[in-house]
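In the order they appear, the protein sequences are chains H and Y. Letter by letter, the first sequence follows residues 1 to 277 of UniProt numbering. Letter by letter, the second sequence follows residues 1 to 277 of UniProt numbering.
There's no promise every hint is true.
Pairs involving identical chains hold if they fit within one copy or between any two copies, as the list cannot separate such chains.
For lysine-lysine, the following PhoX-like pairs were computed, each having C-alpha atoms within a straight-line distance of at most 25 Å [as the list claims (entries may be wrong)]: (1) K54 to K24; (2) K193 to K24; (3) K216 to K41; (4) K41 to K8.
It should be emphasised that the hints constitute simulated quantities derived from the structure, not laboratory data. In this text, all values refer to a predicted model and were calculated from it rather than measured experimentally.
Chain by chain, the residues run as shown.
2 protein chains.
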Amino acid sequence: PRVTAFSKQLEKFHVIIDSELAVKMLRDAPSPGKNWSAFLKVDCGNNRAGVWWKDEAGVDLAVLLQNSPNIDFAGVYVHCGNSYHTSSSEEVIQVLDDTIERLMTFVNHVRQRGVTCSTVGIGSTPTCRKPTDRMKSLTELHPGNYAFLDVQQWSLGSCTEEDIACCVATRVIGHYPRRNQMLIDCGFTGLTKQGYGEMASGYGVIRGHPNLKLCKMTQEIGFVESLEGKLDYSLFPVNSLLYILPWHSCATAAMHSVYYVVEGDTVVEEWRPTRGW
Amino acid sequence: PRVTAFSKQLEKFHVIIDSELAVKMLRDAPSPGKNWSAFLKVDCGNNRAGVWWKDEAGVDLAVLLQNSPNIDFAGVYVHCGNSYHTSSSEEVIQVLDDTIERLMTFVNHVRQRGVTCSTVGIGSTPTCRKPTDRMKSLTELHPGNYAFLDVQQWSLGSCTEEDIACCVATRVIGHYPRRNQMLIDCGFTGLTKQGYGEMASGYGVIRGHPNLKLCKMTQEIGFVESLEGKLDYSLFPVNSLLYILPWHSCATAAMHSVYYVVEGDTVVEEWRPTRGW
């Protein structure tokens, strides 16, 4: 009912489904004054959500969607997150091409059953950073991480360090020479613990300081050490700022209620993300 | 200046410091109309923030605080988070007693220098769940996790499963018999990834279902498998609810903007935590 109420305010309300139960619920939902715009999620090897591309049951579901009252069948979508488990650009491109080939096989089956499938979309930032000719079969791209990028994308070869648009500003709050450490006011509530073990520099990359390692974090505190030699505290006075590039910007961005858009050293805009997943 | 403005609205504004620089900044801060209430943080073996309990520099800092304009020296505080790195209740009690002994050594030095040290406080939930006679020397306890408890505390012997007051309600959103999995609408933005590898059941404990394992999470999606045998999907219809007990309730609670207080099956209150660390 909350979604129905919300959908009345919008021109179109898109939902992504992958089960007969969901089709039935949409079909029988109190009419929102307009049809639901329904996408069918397809799984082409990523093994998250979606009907398995080879299964006839998925094609049947598309037919059911096309023929259901209250529903406009909008098309198909596949997330190829398996591109993250690759170790070279060639493998990313292989995932992309395999995904599109599988998806188009599915879409052709659907079309052969007389169903109009206008939108054909894929996601995953690594694949969208390595476009190939086969992408011409698609009508939409949904690469969520593309907006910010991060150290993970950098390590996958999807971008350079300079392309990373998401970083967490943090302040040096204490010097502890007894244990060759300094503390910063960024813990896991500011960064998340994702990516530990993936970078020599610990939980993130401290921009411009390749010899620093964010080796530990508690809730609001981070522990910074030097990778080699002793920390030169004169470079990092208490109260000075450091900037951390996160391993996974989606996770880090989700920890903050405001994003500061900067040009050089100037904040030119403040973005407040919509919540409520 | 923001803190100064805020402090005007309050009877007392407590700050915890552990460096001479911080004392100077407080001393020279625009007068907030009342004195800052300053605690000195002491490190008794946890190696996070705080003056090292054995160092004379810490005692000097207490004297400086006592003699500084704009500042009321309120007392000392130590967080004994090293209690988390124990493997038995006996070890927890050892950490507690060692911490108190070291802290009281420090406090006695401070008092011998003519400084009034009225508050003597410690933190850490595992130690506060195993009180000993030595606690009589203390005037305050600050166990943050105590309010909710969690699977980590349960594993440390600080509580039972029934004592855990923080859980995340999640919905079954898909059955995937092809890979003996089901999906739930709780990913790392609802739970955090903390604790993986610590529990046979994966990223959390699914209450009442010891045979379920939350084996993987993406941003808003969790993957649930059976630890033994095949999943019995009839027990977990799509749209039914499951309840996840988190490894670290502090981290999980930080992901949510509203907490539902329940009695039985009824929501009796909604709490909205204050943000702005």
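For each hint, the structure was consulted:
For a Cα distance limit of 25 Å, the shortest separation of K54 from K24 inside one copy, 23 Å, qualifies, whereas the shortest one across copies, 70 Å, does not. In the homo-oligomer, the alpha carbons of K193 and K24 never lie at most 25 Å apart, since the shortest distance is 40 Å inside one protomer and 34 Å across protomers. In this assembly of identical chains, the alpha carbons of K216 and K41 lie at most 25 Å apart only when taken from different copies (20 Å versus 39 Å within one copy). Within a single copy, K41 and K8 get their C-alpha atoms as close as 24 Å, which meets the 25 Å cut-off; across copies the closest is 55 Å, which misses it.
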